[in-house]
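Trainee: These protein sequence lines map, in sequence, to chains A and H. Residue 122 in the UniProt record's numbering sits at position 122 of the first sequence, and the numbers go up by one each step. Residue 140 in the UniProt record's numbering sits at position 140 of the second sequence, and the numbers go up by one each step.
You may find that some hints are simply not true.
All copies of an identical chain are treated as equivalent in the list; a pair is satisfied when it fits inside any one copy or across any two copies.
[As the list claims (entries may be wrong)] In silico lysine to any residue, SDA-like type, Cα no more than 20 Å apart, as pairs:
1. Lys31 - Ile102
2. Lys128 - Gly110
3. Lys31 - Met101
4. Lys134 - Gly29
5. Lys31 - Gln137
It should be emphasised that the hints constitute simulated quantities derived from the structure, not laboratory data.
Number of protein chains: 2
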Amino acid sequence: MTARSVNTQNDIPTLDSLVDALRALPGVGPKSAQRMAFHLMQYNRGGAERLGHALLQATATIQHCEHCHTFTEETICATCRSPLRDPAQLCVVETPADQLMIEQSGTYSGLYFVLMGRLSPLDGIGPKEIGLDKLIQRATNGDVEEVILATNFTHEGDATAHYIGQILRARGLRVSRIARGVPAGGELEYTDAGTIAHALLDRREV
Amino acid sequence: MTARSVNTQNDIPTLDSLVDALRALPGVGPKSAQRMAFHLMQYNRGGAERLGHALLQATATIQHCEHCHTFTEETICATCRSPLRDPAQLCVVETPADQLMIEQSGTYSGLYFVLMGRLSPLDGIGPKEIGLDKLIQRATNGDVEEVILATNFTHEGDATAHYIGQILRARGLRVSRIARGVPAGGELEYTDAGTIAHALLDRREV
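For reference, chain A alone in the conformation it holds in the complex (with noise of 0.2 Å):
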């Protein structure tokens, strides 16, 4: 069992090659690495043609946005660009996933700041890597007048979003975080304490 979790030589220079390059995947080990190889070259040459041109040409023209940091192949994203938004909101949030989730709520019509990342400092991600100096530039450009903190609601979730709520409150910003609550179509009786007592204590009035 233990020689063949390590060993996952071929012998064949580019088939080797290809085992260990897929492990820059994130959650891809040796093993999984070596089962998906066989599969491309096996089953699916073309997906493995179309896979390898898709990551040259991502690598050659994804950047991030200037102003928001999300990804883009533009120097400022189309959000950014668009008359549309209103400057005066600006929604901080983890990945350009939960971006995109908020935009299709349909409620929010101001611009963004995607930190690409939270704070986890046993990971080694910091204010630097969230891209704090660049937020707190943003924030405090004389548009902005709310910043709304749409960080998850996970640990770090939640200690990034106090940390970076201290700093923008002490520069006298409008400082707001989305509310914790009762889903949509959920049952109180099937839902957990903490989420019912956050929602006792962001209740609002009607």
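Given chain A's structure and the hints, the job is docking chain H onto it.
Mentor: Chain H in isolation, oriented as in the chain A frame:
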């Protein structure tokens, strides 16, 4: 939830192409593909570029050995070309990884035939896909005296061995199957009854 798992369009063409292309990898759905693409673009562009080149190089150079059907960069693989291998024995395995394991056992010096799969009618993998014609041609070339079936002891591997065994025996070849039994280091108390039954049936005089 549903919206998120369906919509992974980022409106950045090269990023969306990369997410699509990553789905060629086995077991990678739209959400893992998105996560992989973000990870590569954010934390490992060097790895992404290396993977791109490795994929293109591999699809361009890796082919099947004309004799044993395994992956190789040449027409005939190194094992088949070796004058040290005994051409009287032909070991049939499912994958190059299985061949590697047998090589590592250090007990076999014959040649191989790699099926590159197993019979699996439901997945559309029949005798043609595992190169049965080529195997018959190879096994009846006059050199081969014994064919050792070393497919896996799964339902499909067993069925494949049974099928190939019948066909080759009908052509007058000696056909054997590797032994099922208690693994090295295994204790009977913790071995399943089916394995013990086979260990008893396949017992050998000492």
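Trainee: Now look at each hint and say whether the structure bears it out.
Mentor: Okay, the hints, checked on the actual structure:
With identical chains, the CA atoms of Lys31 and Ile102 are at most 20 Å apart between copies only, with a shortest distance of 17 Å across copies and 37 Å within one. With identical chains, the CA atoms of Lys128 and Gly110 are never at most 20 Å apart, being 24 Å at best within one copy and 59 Å at best between copies. In this homomeric assembly, Lys31 and Met101 come within 20 Å of each other (Cα to Cα) only across copies, at 13 Å, whereas the closest approach inside a single copy is 34 Å. In this assembly of identical chains, the alpha carbons of Lys134 and Gly29 never lie at most 20 Å apart, being 35 Å within a copy and 34 Å across copies at closest.
Proximity of Lys31 to Gln137 under the C-alpha cut-off of 20 Å is found in neither arrangement, the shortest distances being 45 Å within a copy and 33 Å between copies.
Against the hints set out earlier in the document, violations occur for numbers 2, 4, 5.
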